[in-house]
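Construct the complete structure from the given sequences, taking the supplied hints into account.
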Amino acid sequence: MGLESFLGDSIITTSLDEIVKWGRKNSLWPMPFGTACCAIEYMSTVSSVFDVSRFGAELVRFSPRQADLLIVAGTITYKQAPILKRIYAQMPEPKWVISMGACASSGGFYDNYCTVQGIDQLVPVDAYIAGCPPRPEAVIDAIIKIQEMIDGQGTELTHDRSKRAKIYIGDDSEMMKKAEA
Amino acid sequence: MQDIKKESITIAKIKRFFPESILEVNLADNDDCIIIKKEANVEVLSFLKTDADLLFDGLMDVTCVDYLKHPIKRKERFEVVYQLYSYSKRHKIRIKCPVSVKDTTIKSVSHLWKSANWGERETYDMYGITFVGHENLKRLLTHHEFIGHPLRKDYPTKKRQELSANDSLFDQMDVLLKKKGLK
Chain A
316 MGLESFLGDS IITTSLDEIV KWGRKNSLWP MPFGTACCAI EYMSTVSSVF
366 DVSRFGAELV RFSPRQADLL IVAGTITYKQ APILKRIYAQ MPEPKWVISM
416 GACASSGGFY DNYCTVQGID QLVPVDAYIA GCPPRPEAVI DAIIKIQEMI
466 DGQGTELTHD RSKRAKIYIG DDSEMMKKAE A
Chain B
180 MQDIKKESIT IAKIKRFFPE SILEVNLADN DDCIIIKKEA NVEVLSFLKT
230 DADLLFDGLM DVTCVDYLKH PIKRKERFEV VYQLYSYSKR HKIRIKCPVS
280 VKDTTIKSVS HLWKSANWGE RETYDMYGIT FVGHENLKRL LTHHEFIGHP
330 LRKDYPTKKR QELSANDSLF DQMDVLLKKK GLK
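Residue numbers (the working numbering), protein chains in the order written: chain A, 316 to 496; chain B, 180 to 362.
Be aware that one or more of the hints could be misleading.
Computed Cβ-Cβ distance ranges for the label pairs, DEER-style [as the list claims (entries may be wrong)]:
#1 239(B) - 446(A): 35 to 41 Å
#2 404(A) - 347(B): 49 to 55 Å
#3 290(B) - 366(A): 51 to 57 Å
List time: in silico DSSO-like cross-link candidates among lysine-lysine, alpha-carbon distance up to 30 Å [stated by the list, open to error]:
#4 337(B) - 394(A)
#5 286(B) - 275(B)
#6 394(A) - 338(B)
According to the in silico footprint, chain A covers these stretches of chain B (three or more CB under 8 Å from chain A) [to be verified]:
#7 316–330
#8 341–347
Read the hints as simulated data drawn from the structure, not as lab findings. Just so it is clear, CB atoms sit at the ideal spot from N, CA and C, and this is done for glycine as well.
Dropping the structure here:
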């Protein structure tokens, strides 16, 4: 088969896009923006019990300039909103955002004068995780779905966020359909 | 078997030394409360802090109550509340000062207790009570572009206010640097 037959088993040929996607999806560098109890749950996701390093996303960077996956874990107030926007802007392309938990996704039960009602008012979100706080398995689920998204799309799509499909972890509509059928 | 509650030494002393300032005395189990005139707050509170029998060395909280929609009608809309505790004598007292909505000023006690500094800033932020004599009376919890005072009962609960840019906070840094002789 092609070039491999001449070069033997030690060499694999592929396209540049594929190898770049393979690298990106298996070495996501997360930047945790933890403001509440979801951040504690994210810590246990990184810990050896759940071990997010099995999926290559364990190198937590506390500098947005070295990260490509923003995990917003916790309540975001209007006082914090410019900080979150700035951190997102500091991250190099391509970048992905996980909105972890009820507060980050919708404001949660903080329906009041000071809380942003979902961080998608501030930054584009790729994956929403339900829960208060979500289980670490749900966070790993979101990371796997983002890896699938990176794998499925061409490199040119990473810059066009409007065309990206949203990921909803904990959305039980599919489960309900199965139960009904 | 004591049916009539005994007055604590704190209440007895305030009654003795500030009889004109007292508006009301409420006795409850370990939860005594005195309502005093707001003009006398610094005199009464500094007396409570320094008197040898009382020694209220801890100000646990400064806050405020808005009685706008309260079922019991009050003469004044606001009441500034001071929660005092004595670490050495192990007793506590609550002091309240009625503040009218027309004149929302009261004298600051931040020179008596350090904890009053942030407590009064929070009360100013949430209720709009102006503490005269406070060295840095600016908003503590809401952002600097916020208009209104969110814990007032006439503030709409869901009225949200966006912030365009964060406060640099360098006005406070300059104070610290000058205090340490670095500027």
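Verification of the hints:
1. 239(B) - 446(A): 35 to 41 Å: 36 Å, holds
2. 404(A) - 347(B): 49 to 55 Å: 18 Å, violated
3. 290(B) - 366(A): 51 to 57 Å: Hint holds: Cβ distance 55 Å, inside 51 to 57 Å.
4. 337(B) - 394(A): 16 Å, holds
5. 286(B) - 275(B): Given pair residue 286(B), residue 275(B) holds - Cα atoms ~13 Å apart, limit 30 Å.
6. 394(A) - 338(B): 15 Å, holds
7. 316–330: holds (count 4)
8. 341–347: Holds, because 5 residues of the stretch 341–347 of chain B bring their Cβ atoms closer than 8 Å to Cβ atoms of chain A.
Going down the numbered hints, you'll see the structure goes against just number 2.
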